[in-house]
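Using the sequences plus the hints, can you model the full thing?
The listed protein sequences derive, respectively, from chains A and B.
Counting with the working numbering, you get residues 1 to 237 for the letters of the first sequence.
Counting with the working numbering, you get residues 1 to 287 for the letters of the second sequence.
Calculated from the structure, these hints are not laboratory results.
Predicted model only: the values in this text are computed from it and were never measured.
Every residue gets a Cβ at the ideal spot worked out from N, C-alpha and C, and that includes glycine.
It is possible that some hints are incorrect.
[As the list claims (entries may be wrong)] Listed next, the stretches of chain B that the computed footprint assigns to chain A, with coverage defined by at least 3 CB atoms under 8 Å from CB atoms of chain A:
{"#": "1", "stretch": "161 to 169"}
{"#": "2", "stretch": "180 to 186"}
[As the list claims (entries may be wrong)] Sample of chain B residues with no beta-carbon within 10 Å of chain A, all distances over it, derived:
{"#": "3", "residue": "L7"}
{"#": "4", "residue": "F99"}
{"#": "5", "residue": "V139"}
{"#": "6", "residue": "P219"}
[To be verified] Distance ranges between label pairs, derived from CB positions:
{"#": "7", "chain 1": "A", "residue 1": "G109", "chain 2": "B", "residue 2": "P219", "range": "49 to 55 Å"}
{"#": "8", "chain 1": "B", "residue 1": "L274", "chain 2": "A", "residue 2": "R117", "range": "46 to 52 Å"}
{"#": "9", "chain 1": "B", "residue 1": "L276", "chain 2": "A", "residue 2": "F21", "range": "56 to 62 Å"}
{"#": "10", "chain 1": "B", "residue 1": "S114", "chain 2": "A", "residue 2": "Y14", "range": "36 to 42 Å"}
{"#": "11", "chain 1": "A", "residue 1": "D183", "chain 2": "B", "residue 2": "T162", "range": "30 to 36 Å"}
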Amino acid sequence: MSPLLELRGLTAHYGDFQALFGVDLALEEGRTLAVIGANGAGKTTLMRAITGIARVSGGSAALAGARIDRMAAPDILRAGIAMVPEGRRLFPSLSVEENLRIGAHARRGNGFWTLARIYELFPVLRDRRLQPATALSGGQQQMVAIGRALMSNPRVLLCDELSLGLAPVVIREIYAAFPTIRDSGAAIVVVEQDISQALKVADAVHCMMEGRITLSGPPASLSREAIHDAYFGVRHA
Amino acid sequence: MIWLDTLLQGLMLGGLYALFAAGLSLVFGIMRLVNLAHGDLIVLGAYLILGLCTALGLHPFLAAVLALPLMFGLGWLLQTALLNRVLGEDILPPLLVTFGLSVVIQNALLMGFSADSRKLPVGPIEAQSLPLGPVTVGVMPLLTFGSAILVIWGLNQLFYRTALGRAFRATSDDPVTAQLMGIRPRSIFAIATGIALVVATIAALYLGARANFDPAAGPARLLYAFEAVIIGGLGSLWGTLAGGLVIGVAQAFGAALNPEWQILAGHLAFVAVLLLRPRGLFPRAYD
Chain A
1 MSPLLELRGL TAHYGDFQAL FGVDLALEEG RTLAVIGANG AGKTTLMRAI
51 TGIARVSGGS AALAGARIDR MAAPDILRAG IAMVPEGRRL FPSLSVEENL
101 RIGAHARRGN GFWTLARIYE LFPVLRDRRL QPATALSGGQ QQMVAIGRAL
151 MSNPRVLLCD ELSLGLAPVV IREIYAAFPT IRDSGAAIVV VEQDISQALK
201 VADAVHCMME GRITLSGPPA SLSREAIHDA YFGVRHA
Chain B
1 MIWLDTLLQG LMLGGLYALF AAGLSLVFGI MRLVNLAHGD LIVLGAYLIL
51 GLCTALGLHP FLAAVLALPL MFGLGWLLQT ALLNRVLGED ILPPLLVTFG
101 LSVVIQNALL MGFSADSRKL PVGPIEAQSL PLGPVTVGVM PLLTFGSAIL
151 VIWGLNQLFY RTALGRAFRA TSDDPVTAQL MGIRPRSIFA IATGIALVVA
201 TIAALYLGAR ANFDPAAGPA RLLYAFEAVI IGGLGSLWGT LAGGLVIGVA
251 QAFGAALNPE WQILAGHLAF VAVLLLRPRG LFPRAYD
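What follows is the structure, encoded as structure tokens:
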């Protein structure tokens, strides 16, 4: 059986600049995968290419065996891939609840995630549901962004830099929601600069550098040194 | 008492300007598109109503009801076939294209209907008036004013109470992230322009019922509409209503002082608001 999400030799360009060089990646149903790497390694471009925001210039991406690499972003969402974008990108003219509801804009039929379940996952959002989304603290905004993505009942949830700009205690609070999200049946890809968080939740880790995956494996099999080297591009002779 | 009467007439006239402006405001609010052909599309709507009146022997109000879905379709088509292709980072192409469209509509109307001015035959209602306390007010101006409030209220309900309105606002905020929600910005834009032309048709009905119109009448309507939108604050629908009323009242008082000052007074009010509140009376908190 083919993996739920499979990338083969994926490349992406910004004009003449090549940002991804033949990325291979496979995500199985119900698993969590971490993509780590320094700033500019191509992690966000990879997420944008999968979701159709950035154009794929070569290779293939498939969801449950069906090609998605030529599809437009709204169709990829409908196919079952939702993203929590870097910087959260909440809609400032929508309230917290409206931001959550718009996550279900394209949804047909029922699924595990409902407004009530999101409020169970992040109770603080229920109290602030009528406020403008951008009036919330950074951590609460991140919760809204996660809830908004979940409202489409995705098969694959991509999380781009959840911890960026948040205090460690807030980051822990957000990652505490991951077991519930995983139990809901969604496979997860987390993109992180914060390696320690990524290693804690992931079944497998891919380390990216300069648009390539330079190291892959389950967290336990990778030594700190190997990750460090792949992250910073140090080569031992 | 004469001043009260003038104020009332100004408010009624302002309702018409708000109707001119509402569609423009809607389109600008959602896609940052300044449609320079908006005035001509209103005039086109007036000719469409007139054509339906003549062809089917209908009263203008009934003809307008028939014209509403046709104009929605035209708006949808216009956005899908033309405007969506030129919308982008650069604001100049849409300006040039809608300017060209304005010229095309004017000349097409000139070919089809000649330069003679027309009027919609609304019948005796045109001359009827109601006593309103110490003053009397015409039924048609009152209908115009009521329609303006209804239209703005309706658009607000649509914007803030429906899933479509939520998609409008989200797309306006951030079209890229909206796509991550499964929203297709281009089809949202097409619906928005369709709705804008529905409102333009309502404006066309009152324009044609109150005064003469001819193929070249569009640009002046656009100017009033544009001023109303700016006075109200970009992106605010109630602001647009207020903007229309400001121009209407200013024109009425200008005309009361000296009939030659009517138009000038409206423009002066516009300049005054711009000087005092450059972002308009009800600017959006962010942009």
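Against the structure, the hints:
Remark: the stretch 161 to 169 of chain B is confirmed as covered by chain A, as 4 of its residues place a Cβ nearer than 8 Å to a Cβ of that chain, reaching the required three. Here the stretch 180 to 186 of chain B counts 5 residues with a CB under 8 Å from a CB of chain A, which clears the bar of 3, and the coverage holds. Consistency note on L7/B: stated as away from chain A, and its beta-carbon is indeed over 10 Å from all of that chain's, at 34 Å minimum. For F99/B, the shortest C-beta to C-beta distance to chain A comes to about 29 Å, beyond the 10 Å cut-off, and the non-interface label holds.
The non-interface label for V139/B is consistent with chain A: the shortest C-beta to C-beta separation is roughly 38 Å, beyond 10 Å. Listed as a non-interface residue, P219/B keeps its Cβ farther than 10 Å from every Cβ of chain A; the least gap is roughly 32 Å. Restraint check, G109/A to P219/B: a C-beta distance of roughly 50 Å satisfies the suggested window 49 to 55 Å. Between L274/B and R117/A the beta carbon distance is about 50 Å. The supplied range of 46 to 52 Å therefore holds.
Look at L276/B against F21/A: about 57 Å separates their beta carbons, and that is inside 56 to 62 Å. One distance hint, 36 to 42 Å for the beta-carbon pair S114/B and Y14/A, is violated here, with the actual separation near 55 Å. At roughly 34 Å, the beta carbons of D183/A and T162/B sit within the given window of 30 to 36 Å.
The structure does not agree with numbered hint 10 stated previously, though it agrees with all others.
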